[in-house]
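Novice: If you read the sequences in order, they're chains A and F.
Quick note on numbering that gives the first Met the number 0: the first sequence kicks off at 0 and runs consecutively.
Quick note on numbering that gives the first Met the number 0: the second sequence kicks off at 0 and runs consecutively.
Everything labelled a hint here was simulated from the structure, so no lab data went into it.
It should be emphasised that the depicted structure is a prediction, and the values quoted were computed from it without experimental measurement.
Heads up, a few of these hints could be off.
[To be verified] No more than 27 angstroms apart at the CA atoms, straight line, and that leaves these computed lysine-lysine pairs for DSSO-like: (1) LYS428/A x LYS105/A; (2) LYS108/A x LYS428/A; (3) LYS428/A x LYS15/F; (4) LYS108/A x LYS567/A; (5) LYS105/A x LYS622/A; (6) LYS15/F x LYS105/A; (7) LYS623/A x LYS15/F; (8) LYS627/A x LYS105/A; (9) LYS105/A x LYS623/A.
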Amino acid sequence: MTIIVFIVFVGIVLAISAYTSRKARGVGGYFVANSSINWGVNGIAFAGSYLSVASFLGICGLIAFFGFDGFLYSIGFLAGWVIALFVIAEPMKRMGTFTFSDALDKRFKSRGIHLAAGLSVLVVSLFYLVPQMVGAGVLIEPLLGIPHLWGVIIVGTAIILIVALGGMTSTTYVQFFNGGLLLLFAGILTAAVLIRGVTTMSQNQNNEEGLVDLQSYQYQEVPVEVSGEMIIPGLIDASVTERISTTDRYTGRENLVLYQISHLIPATPIEDNIFSVNIKGRTLVFTTALGQDFLWNVEQFDGQPFLRIEDWWRLVEGEGGAYRLAETQYRSVSSDGVAFINGAPEDSTNRLRQVGGISRIPAVYGEGTGSVNPLQMLSIMSDSETIVLQPKSVVFTSNAGERVSVYYNEPTTGSVFMRPGLMFPLEAKDGEPATITLLNRLNFISLMLALFLGTAALPHILIRYYTVPDPDAARKSTIIAIIGIGLFYIFTMYMGVGAVNSGALNPETSNMSAPLLARSFGEMLFAMISGIAFTTVLATVSGLIMAASGAVAHDLMGNISQRQFSDKTKVLAGRIVAVVVGIIGIILGIFFREMNVSFLVGWAFAVAASANLPSLIMMLFWKKTTAKGIIASILVGIIASVTLIMLSPDMWARYGLDPATAPMPINQPGIISIPLSFAVLVIVSLATTEKQPDTGKKVEIKQSAKL
Amino acid sequence: MKQQISSDPGDSEQRKSNIGVRMTILYAIIYSGFVVLSVFMPTLMGVDALFGLNLAIAYGLALIIIAIIFAIIYNLMVRIPKPTNASHRIKKSNAERSKE
């Protein structure tokens, strides 16, 4: 089913691009769709281009896993459009013809501006491309059952086809198609979430394939006696084989204690040497016959057969200081690459169970609320009586040298889940040095600043201004975009909380939350949502590659070689660049596979805001801006933001180093690189003030220059 | 729609730009308020505000809805030139407006 829907969707997209590619002749046709796109279509295409997998999969996942903090991205992503509409839209269209460097350069006729702006488009596009490709790979794995690698390659190829053949016209209609679908289905999913309401019961109808439904399975808790590090768990013939704890970096207190416990679970004999056991709600059948890869350890206890397994339990403190052990899930990989899940070898029947869910709702609702209105839903979710099972995980290396990932549900009060703090730790914590609190807060402010200032400077957004006939249409299409995108971001809130409510989360990746939510309503919706997620990747990445392609053909090629190229050559070059950038995107998408896509997009915004926005704003509002000032600002913006990201704690972890030793203390560069880029522009402009060149359009220049 | 705007002498552009910049600044202030509250008073964001929603959610949703409302207001304002805003320019502006 999902495969059919996927093929249909990709087929439609390719058909649209094949049909419209006939108009992609000539330089205007290929790069800006002859500037003939209707403003309504352009507005929805804006939405289709802007609402990337980061918005769709990433934000839903973050809300499902971290509550309100995920919604901060929605707020920031939309707020940026205010600048795009009020400040950038009309001047961009008035002053440029192909790329935003045309607009930047209108006053100066400087080769350097084209070079710098072209370079920045390339860099930002690449940064933005990575999360889109990661999203594609994440999706294709559970959807079509093929590895991440192939997901990225298939999607990359489709995009290269669309862009290289169809240019901006095809890209526009693909984005329009996608924007419409996204809004429609996000609305449908939101309605479904509201009709279902909030309940503590299992919601997942599907346990056939892929991840296993275990919402109805309550994690066991057993009483233990703790004296020192010795514990006696209430399990059959149990003994502790290992104890792992993580300590708070500042207080030195243990905040998570895990025990590996060897114990027996009842096994039911089916035939000679064949048994079945129930592990965490899942029935596994195994044989003890010789010649197996893995030796199942069946023991007799009180005359009954039992399977001995070793699994991980979490120590929780109950009321009155009594300790209990709470069941977790785990996946371990030994040094020779053998994977175990929950004490048994990983295979198609033994996979990680889905996580999340609601364990308590306010008493007035009994077991479930039934359908609720939009305000009620959020009010119930943020109630202090509601308990959300927040998915958490911890990774460590065991004594046996296995890489172990333990997944558990952390009961979190609704009122905590639905306010800031779970992802961005803004509150000062016990024993935490003031500098750490300050850095956490800076990180947050930095991100919100980059989101606000980044949108209007994104290359794939800027190029859409050139596909409409006039500034008026540019403005109107931006308004359509704001309405559509704003609605969509309101929907993300419901999709996110709906996903954690359904208990259908994949513990390993937050990016799958929206499709898994859809699957809890049935296979059809799952197929549609997954299909749309793919077209989302296609639409956004096509726009990015188009921007990169335009930048090379218009800004870089001619200005580097100092030659005039024919329009035909430019179009050919544009198509070649599309292919090359597409391939680079595929490679990076494979490298970054595990990171949350919204998080990566946050970086892309920071680079865009640092490199492009200062020069756009100052060029419009500060008369003394000079060409050299713009060039310096763009280059410093790119270099500063990219360098800061490369030196950040998150990248340090990616290189396999200790994040605490990273030279940059914060992850989000915006708060440093954006002001720096502004400052450089002002200083260099003042140092290089010269007479304004007479362009013959002085009136217009003055108008836009003075505030 | 005709390509008239490129020859627009600029008065209406100037007015639009003024309105646009003011609305941007206003929005930036509301947005900063949200960021400041989240950063320095995260617990306050958990307090019930409107319709049973806590302050964080109410403010967050409001930021999205305000952006939409601002966009619509802006569109209305730039379409109908306000005499009080630019009375000495009204003649010129009206001439350009004929394209609407």
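Novice: Does the alpha-carbon distance linking LYS428/A and LYS105/A stay inside the 27 angstroms limit?
Specialist: violated, 52 angstroms
Novice: Need the status of pair LYS428/A, LYS15/F: alpha-carbon distance at most 27 angstroms?
Specialist: Violated, at roughly 47 angstroms.
Novice: Would you check the hint for LYS108/A and LYS567/A, treating anything up to 27 angstroms between C-alpha atoms as holding?
Specialist: Cα-Cα ~23 angstroms, so holds.
Novice: Please work out if LYS105/A and LYS622/A have their alpha carbons no farther apart than 27 angstroms.
Specialist: Satisfied, since the Cα-Cα distance of roughly 13 angstroms is no more than 27 angstroms.
Novice: Keeping to a limit of 27 angstroms between CA atoms, is the pair of LYS623/A and LYS15/F held or broken?
Specialist: holds, 22 angstroms
Novice: Given the hinted pair LYS108/A and LYS428/A, is their Cα-Cα distance within 27 angstroms?
Specialist: violated, 54 angstroms
Novice: Given the hint that LYS15/F pairs with LYS105/A, test it: the Cα-Cα distance must not exceed 27 angstroms.
Specialist: Answer holds: LYS15/F to LYS105/A is near 20 angstroms, not above 27 angstroms.
Novice: Hinted pair, alpha-carbon criterion (27 angstroms max): LYS105/A, LYS623/A. Please report holds or violated.
Specialist: OK: LYS105/A and LYS623/A at ~14 angstroms, within 27 angstroms.
Novice: Does the structure keep LYS627/A and LYS105/A at a Cα separation of 27 angstroms or less?
Specialist: holds, 14 angstroms
Comparing the model with each earlier hint shows violations of hints 1, 2, 3; every other hint is respected.
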